[in-house]
Amino acid sequence: MQENIIIAASETQSHCYSMVQSSWQQQLSHAIRDPQALCERLGLSSDWLAGAQAGHDLFEVCVPEAYLNRIAYADIDDPLLRQVLPLGEEALTPHGYVVDPLEEADHRPAKGLIHKYAGRVLLIASPNCAINCRYCFRRHFPYSDNSPSRAQWQEALDYLRGDTTIHEAILSGGDPLAANDRQLAWLVEQLESIPHLKRLRIHTRLPVVIPDRVDDALLGWLASTRLQKVVVLHINHANEIDQAVVDACTRLKQAGATLLNQSVLLRDVNDTATTLAALSERLFEAGILPYYLHVLDPVQGAAHFDVPDCEARELAAQLRDHLPGFLMPRLVREIPGKGSKTPL
Numbered sequence: 005m006q007e008n009i010i011i012a013a014s015e016t017q018s019h020c021y022s023m024v025q026s027s028w029q030q031q032l033s034h035a036i037r038d039p040q041a042l043c044e045r046l047g048l049s050s051d052w053l054a055g056a057q058a059g060h061d062l063f064e065v066c067v068p069e070a071y072l073n074r075i076a077y078a079d080i081d082d083p084l085l086r087q088v089l090p091l092g093e094e095a096l097t098p099h100g101y102v103v104d105p106l107e108e109a110d111h112r113p114a115k116g117l118i119h120k121y122a123g124r125v126l127l128i129a130s131p132n133c134a135i136n137c138r139y140c141f142r143r144h145f146p147y148s149d150n151s152p153s154r155a156q157w158q159e160a161l162d163y164l165r166g167d168t169t170i171h172e173a174i175l176s177g178g179d180p181l182a183a184n185d186r187q188l189a190w191l192v193e194q195l196e197s198i199p200h201l202k203r204l205r206i207h208t209r210l211p212v213v214i215p216d217r218v219d220d221a222l223l224g225w226l227a228s229t230r231l232q233k234v235v236v237l238h239i240n241h242a243n244e245i246d247q248a249v250v251d252a253c254t255r256l257k258q259a260g261a262t263l264l265n266q267s268v269l270l271r272d273v274n275d276t277a278t279t280l281a282a283l284s285e286r287l288f289e290a291g292i293l294p295y296y297l298h299v300l301d302p303v304q305g306a307a308h309f310d311v312p313d314c315e316a317r318e319l320a321a322q323l324r325d326h327l328p329g330f331l332m333p334r335l336v337r338e339i340p341g342k343g344s345k346t347p348l
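Per the numbering used here, the very first residue in the sequence shown carries number 5; after that it's consecutive.
Hints are supplied without guarantee of correctness; some may be wrong.
Listed next, the in silico DSSO-like pairs over lysine-lysine satisfying Cα-Cα at most 27 Å (straight line) [claimed, not checked]:
{"no.": "1", "residue 1": "Lys202", "residue 2": "Lys233"}
{"no.": "2", "residue 1": "Lys202", "residue 2": "Lys345"}
{"no.": "3", "residue 1": "Lys202", "residue 2": "Lys342"}
Simulated restraints on C-beta separations [claimed, not checked]:
{"no.": "4", "residue 1": "Ser344", "residue 2": "Gly47", "range": "38 to 46 Å"}
{"no.": "5", "residue 1": "Arg203", "residue 2": "Arg324", "range": "48 to 56 Å"}
{"no.": "6", "residue 1": "Ala58", "residue 2": "Phe330", "range": "29 to 37 Å"}
{"no.": "7", "residue 1": "Arg337", "residue 2": "Arg37", "range": "25 to 33 Å"}
{"no.": "8", "residue 1": "Gly291", "residue 2": "Gly329", "range": "37 to 45 Å"}
{"no.": "9", "residue 1": "Asp313", "residue 2": "Gly341", "range": "14 to 22 Å"}
{"no.": "10", "residue 1": "Thr169", "residue 2": "Asp325", "range": "20 to 28 Å"}
{"no.": "11", "residue 1": "Ala95", "residue 2": "Ser228", "range": "22 to 30 Å"}
No wet-lab data here; the hints were simulated from the structure. Note that CB positions come from ideal geometry on N, CA and C, so glycine has one too.
All chains, full assembly: derive it from the sequences and hints.
Here is the structure:
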């Protein structure tokens, strides 16, 4: 059985495409990275600070202003806040919650490589993210050990050239769009040169958290590739989609990309049928098709987000009563060793 390949890009990807920082890079550099600053910015009681600091010590805060602007002020129950606010519960270690829930460490044949699924490969084009989601299944991933230089990428690219069963390359991370456009354009050019590759898939949250990331430089290399383009966004709640996000999605579609969304089912974020239905409707209004609804990967530090499978199945059944079939995301779990996502 073949598996996805993960290739981590070098840290030099954080450098700018030109000598002048673009708007999105400036916004990223000014993201809040301190729990006290986050609490103060959102008007939260000081009662939350100790837990926020404890969670931050395990997995640092990173929230850009464009996303902060969509969070209700002084509302501890805001569903967007819950995704980014560290909590003391992250220090708990319940049975079954581990640092590598998908067992990716067992499938790294070379530095920066993970080989998992047949017919497609996953490349970590950047070790960085524009936002640190508290439930991230790679919150413990050893990016420092999986960031090969450009020269070291050649081994991975040669591997792809040698396997004619691979038809799709998936850029992931971190967030691939946290890399600079020079590096991304180079990488896509290398992929284009592999005759049996047909599709380029990009898994990203950046057009959602910093919509200005979808700029002319990005659209230039994206529109020009011969590969069919699919952009898979990660949106968990309808409130994440403001007009700036809609405009960014429109630009991606104009560049020839098909837009899909995958969500994670999260306790106290989107764990009602009404909330999930509103998300699907809002996604479609923005030109995005619902794709997957993942149950939580059991990563250490995120157990407080868990929704049991029996409840998840009941929510999916209720959701089917609210939505037409084309707006119904597939409820799935990723199980280590399986050849694909497992429907629930």
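For each hint, the structure was consulted:
no., hint, verdict
1, Lys202 with Lys233, "holds, 9 Å"
2, Lys202 with Lys345, "holds, 21 Å"
3, Lys202 with Lys342, "holds, 24 Å"
4, Ser344 with Gly47: 38 to 46 Å, "holds, 44 Å"
5, Arg203 with Arg324: 48 to 56 Å, "violated, 29 Å"
6, Ala58 with Phe330: 29 to 37 Å, "violated, 43 Å"
7, Arg337 with Arg37: 25 to 33 Å, "holds, 32 Å"
8, Gly291 with Gly329: 37 to 45 Å, "violated, 18 Å"
9, Asp313 with Gly341: 14 to 22 Å, "holds, 18 Å"
10, Thr169 with Asp325: 20 to 28 Å, "violated, 40 Å"
11, Ala95 with Ser228: 22 to 30 Å, "violated, 47 Å"
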